[in-house]
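Peer 1: Those protein sequences? They're chains A and B, same order as listed.
Per my numbering, the very first residue in the first sequence carries number 713; after that it's consecutive.
Per my numbering, the very first residue in the second sequence carries number 269; after that it's consecutive.
No wet-lab data here; the hints were simulated from the structure.
For clarity, every value in this text was computed on a predicted model and none was experimentally measured.
It cannot be assumed that every hint is accurate.
Claimed, not checked - Pairs of lysine-lysine, BS3-like flavour, derived with a Cα cap of 30 Å:
1) A:Lys741 x B:Lys295
2) B:Lys405 x B:Lys318
3) A:Lys741 x B:Lys318
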Amino acid sequence: MSRPSSRKVRIVLQGREPDDPLALLSAVKAAFNPREIEITGNFDSEIHDRVGEAVPNELLETQAAAEAKSVLDQLAQAVADHSRLVPDQQGLVPSDPGSIVKQRRSISGWLKQKFVAGWAVTVYSATRGATAAMLDRAE
Amino acid sequence: MSSDHYEKSRKRGEYIQARERHLSALKGLPRLAQVALVARVCQRELRHTKHMGLFHALSDLAGGNHGSRLEPHLSLFRKYVEELEERGREPHDDYEAMWRAVGLRGVLTCVDAVPLLLSPSTERRAAGCDQVVKGVKGVAEQGGGGPNSSTIINEHFWGIFPYLRDLDLLIALAESEQWSDDTAVDMDVLGAPFSVAEYDLKAWEAYVLRDNEPTKGNEIVVEIDVPDGTSDEEVIRTVREFAELADGLHRVYGGRGLEVRTVECFVGMSVATGGAR
Numbered sequence: 713m714s715r716p717s718s719r720k721v722r723i724v725l726q727g728r729e730p731d732d733p734l735a736l737l738s739a740v741k742a743a744f745n746p747r748e749i750e751i752t753g754n755f756d757s758e759i760h761d762r763v764g765e766a767v768p769n770e771l772l773e774t775q776a777a778a779e780a781k782s783v784l785d786q787l788a789q790a791v792a793d794h795s796r797l798v799p800d801q802q803g804l805v806p807s808d809p810g811s812i813v814k815q816r817r818s819i820s821g822w823l824k825q826k827f828v829a830g831w832a833v834t835v836y837s838a839t840r841g842a843t844a845a846m847l848d849r850a851e
Numbered sequence: 269m270s271s272d273h274y275e276k277s278r279k280r281g282e283y284i285q286a287r288e289r290h291l292s293a294l295k296g297l298p299r300l301a302q303v304a305l306v307a308r309v310c311q312r313e314l315r316h317t318k319h320m321g322l323f324h325a326l327s328d329l330a331g332g333n334h335g336s337r338l339e340p341h342l343s344l345f346r347k348y349v350e351e352l353e354e355r356g357r358e359p360h361d362d363y364e365a366m367w368r369a370v371g372l373r374g375v376l377t378c379v380d381a382v383p384l385l386l387s388p389s390t391e392r393r394a395a396g397c398d399q400v401v402k403g404v405k406g407v408a409e410q411g412g413g414g415p416n417s418s419t420i421i422n423e424h425f426w427g428i429f430p431y432l433r434d435l436d437l438l439i440a441l442a443e444s445e446q447w448s449d450d451t452a453v454d455m456d457v458l459g460a461p462f463s464v465a466e467y468d469l470k471a472w473e474a475y476v477l478r479d480n481e482p483t484k485g486n487e488i489v490v491e492i493d494v495p496d497g498t499s500d501e502e503v504i505r506t507v508r509e510f511a512e513l514a515d516g517l518h519r520v521y522g523g524r525g526l527e528v529r530t531v532e533c534f535v536g537m538s539v540a541t542g543g544a545r
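Produce the complete structure using the sequences and hints provided.
Peer 2: In structure tokens, the structure reads:
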């Protein structure tokens with residue numbers, strides 16, 4: 713299940729509304745770090761030598777960012793359209809526990825599928841300053 | 269008072285009564301999930317006090333860190349509540365202190381039950397659950413911090429709701445993810461401590477925004493190691509899937525969605541990836 717990787721993608725997402733509770737970002741982070749998935753492998757033998765400096769792939773960055781932005785904007789627009797029809801349902805209302813469980817299960821399933829296919833996904837939350845400092849170090 | 273308002277109040281009253289009975293479902297939860305509910309009580313009720321250490325110690329316990337030291341925080345908190353109660357007694361008549369003590373005594377009742385919840389004895393655990401239910405109802409019904417507190421809970425006097433939502437979510441997660449008594453519970457799965465109730469959006473929104481720590485200046489970072497031989501199209505599809513899933517979860521927890529700040533792709537590094545069991 714372990715495959716060598718010479719490419720890394722880093723995505724930084726933030727709340728669409730800065731007033732939304734921080735705890736919601738933490739809830740997202742928690743769902744992408746499920747207990748039942750453990751990274752395994754014989755790291756002594758499987759870590760490959762780094763080959764030179766990491767070089768940005770700007771074309772892929774642009775395409776991936778455009779795709780992610782597009783899908784999130786579409787989702788936001790769909791919610792905004794729905795809110796116009798149903799004014800009292802504008803967000804900040806947690807869904808029923810069943811919806812939360814279902815979405816967490818989707819995430820868990822997606823992660824398993826990715827790990828089995830040889831991808832490694834690491835999710836964490838950070839302040840903007842910490843992320844910027846990390847990105848500076850990476851450059 | 270309009271008949272419409274009366275009717276709404278009556279319905280809410282009936283709903284609350286029915287839901288209070290539901291608190292007894294706490295007994296069916298795994299023990300660390302029960303501890304998580306007590307931690308949640310502290311997270312909400314102690315945030316304007318100097319006793320948030322109690323919340324952190326309980327979070328550690330719920331998260332499976334059995335080395336977490338509860339007692340030093342508990343002793344300080346007990347002393348604090350007793351001092352408040354003393355200030356509220358005649359001849360001092362400090363009413364603010366008295367009301368705060370009433371709510372915080374409920375918190376103390378919950379926290380005092382934690383050793384019972386962690387006990388191997390079924391009877392002691394059941395007694396612990398009864399004590400937590402009593403404490404939660406005390407926090408909710410008796411004011412949860414007094415009339416001058418800034419908690420959304422007092423001002424609306426519907427304090428039982430957030431705990432019922434937490435309980436429902438814990439029950440659903442425990443069932444779906446097959447938690448055992450020893451399954452560590454990450455407090456983050458409970459979402460925002462304060463949420464807009466289902467029935468009165470506009471009235472609650474301001475309180476929710478005020479009482480939760482805002483997300484501003486914070487972000488979610490995902491790093492994905494792409495296995496060699498993967499096409500660019502598959503990378504793009506993976507980025508989109510991640511964004512959709514993260515956004516969807518943010519929204520079901522009551523958030524208003526996520527947006528992309530940056531996407532970076534690097535080539536030229538060689539590391540092993542993957543592996544699951």
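Peer 1: Each hint needs a verdict: does it hold in this structure or not?
Peer 2: Each hint tested on the structure:
Taking the CA atoms of lysine 741 of chain A and lysine 295 of chain B, the gap is near 29 Å; set against the 30 Å cutoff, the hint holds. For the hint linking lysine 405 of chain B to lysine 318 of chain B, the alpha-carbon distance of about 23 Å falls within 30 Å, and the restraint holds. Restraint check for lysine 741 of chain A and lysine 318 of chain B: satisfied, since their Cα atoms lie roughly 28 Å apart, inside the 30 Å limit.
The earlier numbered hints are all upheld by this structure, with none contradicted.
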